[in-house]
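Enquirer: One-letter residues, chain by chain:
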Amino acid sequence: MTLETPAAQTDTAALLERIATLEARLAQVESAPAMGIEDRLSMVVFSGDFDKTMAALIIATGAAAMGLEVSMFFTFWGLSVVKKQKVFEGKNVFEKGFTAMLPAGANKLGLSKLNFFGAGTAMMHKLMKDHNVTTPAELVQMAQDLGVRMVVCDMSRELLGVRDDELIGGLELGGVATFMGDAARSKVSLFI
Amino acid sequence: MTLETPAAQTDTAALLERIATLEARLAQVESAPAMGIEDRLSMVVFSGDFDKTMAALIIATGAAAMGLEVSMFFTFWGLSVVKKQKVFEGKNVFEKGFTAMLPAGANKLGLSKLNFFGAGTAMMHKLMKDHNVTTPAELVQMAQDLGVRMVVCDMSRELLGVRDDELIGGLELGGVATFMGDAARSKVSLFI
Amino acid sequence: MTLETPAAQTDTAALLERIATLEARLAQVESAPAMGIEDRLSMVVFSGDFDKTMAALIIATGAAAMGLEVSMFFTFWGLSVVKKQKVFEGKNVFEKGFTAMLPAGANKLGLSKLNFFGAGTAMMHKLMKDHNVTTPAELVQMAQDLGVRMVVCDMSRELLGVRDDELIGGLELGGVATFMGDAARSKVSLFI
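Heads up: the protein sequence lines correspond to chains C, A and H, in order. Here the first sequence is numbered in our numbering, starting from 70 and rising by one per residue. Here the second sequence is numbered in our numbering, starting from 70 and rising by one per residue. Here the third sequence is numbered in our numbering, starting from 70 and rising by one per residue.
Derived by calculation from the structure, the hints in this document are not laboratory data. Among these hints, one or two may not hold up.
The list cannot tell twin chains apart, which means a pair is met if one copy fits it or any two copies do.
Within a straight-line C-alpha distance of at most 25 Å, the following computed SDA-like cross-link-like pairs (lysine to any residue) qualify [what the hints assert, rightly or not]:
(1) Lys177 / Gln97
(2) Lys160 / Arg232
(3) Lys198 / Gly250
(4) Lys195 / Asp233
(5) Lys182 / Met135
(6) Lys177 / Phe167
The task is simple: from the sequences and hints, build the whole structure.
Expert: Structural data, given as structure tokens:
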């Protein structure tokens, strides 16, 4: 552009400034689409029921296989899903009570309905085996293999007296801030 | 703009190029706001409880009436919501068992609490009738009339031995990919 | 910029027009990032179980403390969370029945599992006291102090015959439109 007068020079400088500002602002918008929302799924696994846990694990592994980042937060009864054994040693009477009553492991969970003291659950296991459905414990392993982030609720662990040697490997400890941090950047959040 | 020298010509061309690039980038951002997130609600209807199903259907029809696209995924106990009858013929003993034990139809569901072998549920039906609350079966019909997408979980259907002639019309079959596909473009996703 | 001919003048005007349009469009995109999605959490508190209510309140207060706007919608059994007392006067037989059977207050709720007619719940209260965990009623107060929006489902209130003088202060009345309105602008929505 040919600029003959100081006034014209100012005009061009202002124009270039406006375009540079536009470029910077647009880069900002482009780099933070949807306020930092990512291709991510976050779920609270609260229930510890066999059927709901299956739903959670099938959604989690399915989403991970589709390429989404997935975070699972195991809290309260959901801690049973990521247990590998029961340890009674060194626990107080309440902790021993919960340890005795709560299942230790994804394949030990009971149905939320029609459990009939385990008969309904056994029937469901038989049905699932006949249909070649993956077991919950296998789905937990598959989720870990797919890189699903697995966080155990620290407060629930303390409250129910769950010891680290009762839990499977590869878990993180966290709290509500861990969940909300992931959920706030997720396209989908579920409480199961 | 008067351009007297080759250098000035280049300057103008560069300027126009920058503006054209800005326009294209902005159009891209505008056409994909929020990473493809739409005015959409997706829900997993898992429970099959009368009360939770009512909540799911009221939220679904309410959202649809407000102009949102709505998708409902009926899985596990939730299959009972979209059944119209029980068929025992040609089923194995397990499938017959589930068919016998599980309700067939949105109006046959039991309360998740205070069911008292059906007395609490009957009391709730009476209460709802007195208050002119729409029945679950009517809400299912209303949801279909409002264009709510209704998907039945294929794996649950197979597992529980639910036959097509046991289900109401207008349903699609799908899996976790169907749900995640809709949920990932939804403003709101719920597991009920 | 020196403009000697009418054609050059038009060119510059067109250029300035394009830049002004870009600025306006970008401002539009910047002011409505992610289709109006805010740093907000919306939850339906449906269950009325002690354990699930604790989870809901811990997530709500945690999110509020992290700076998110939080909305809680108390519906169905969840109405018990925001009750302060039972009133039987002037109610019909059904309403009296529900009033008698349903707990009145966040600290009166029972566990969803292992309740054992109250023994499990008492054990959980003892455990929580030993671990200095805040009680549900204190969390409700904390949520209100943190500015959490608390909405009571109008239809549930009518259906279960809950009177205003049975509820704590600081609540709004609303319906599915109130929930969907908040959920549709929330980063995270949960059904608990």
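Enquirer: Each hint needs a verdict: does it hold in this structure or not?
Expert: These are the hints, each one checked on the structure:
1. Lys177 / Gln97: The answer is neither: 49 Å in one copy and 50 Å across copies each exceed 25 Å.
2. Lys160 / Arg232: within (9 Å within a copy, 45 Å between copies)
3. Lys198 / Gly250: neither (38 Å within a copy, 28 Å between copies)
4. Lys195 / Asp233: Between copies only: 23 Å across chains, 31 Å inside a chain, cut-off 25 Å.
5. Lys182 / Met135: This pair counts as neither: shortest intra-copy Cα distance 31 Å, inter-copy 34 Å.
6. Lys177 / Phe167: Answer is both: 15 Å inside a copy and 21 Å across each meet the 25 Å cutoff.
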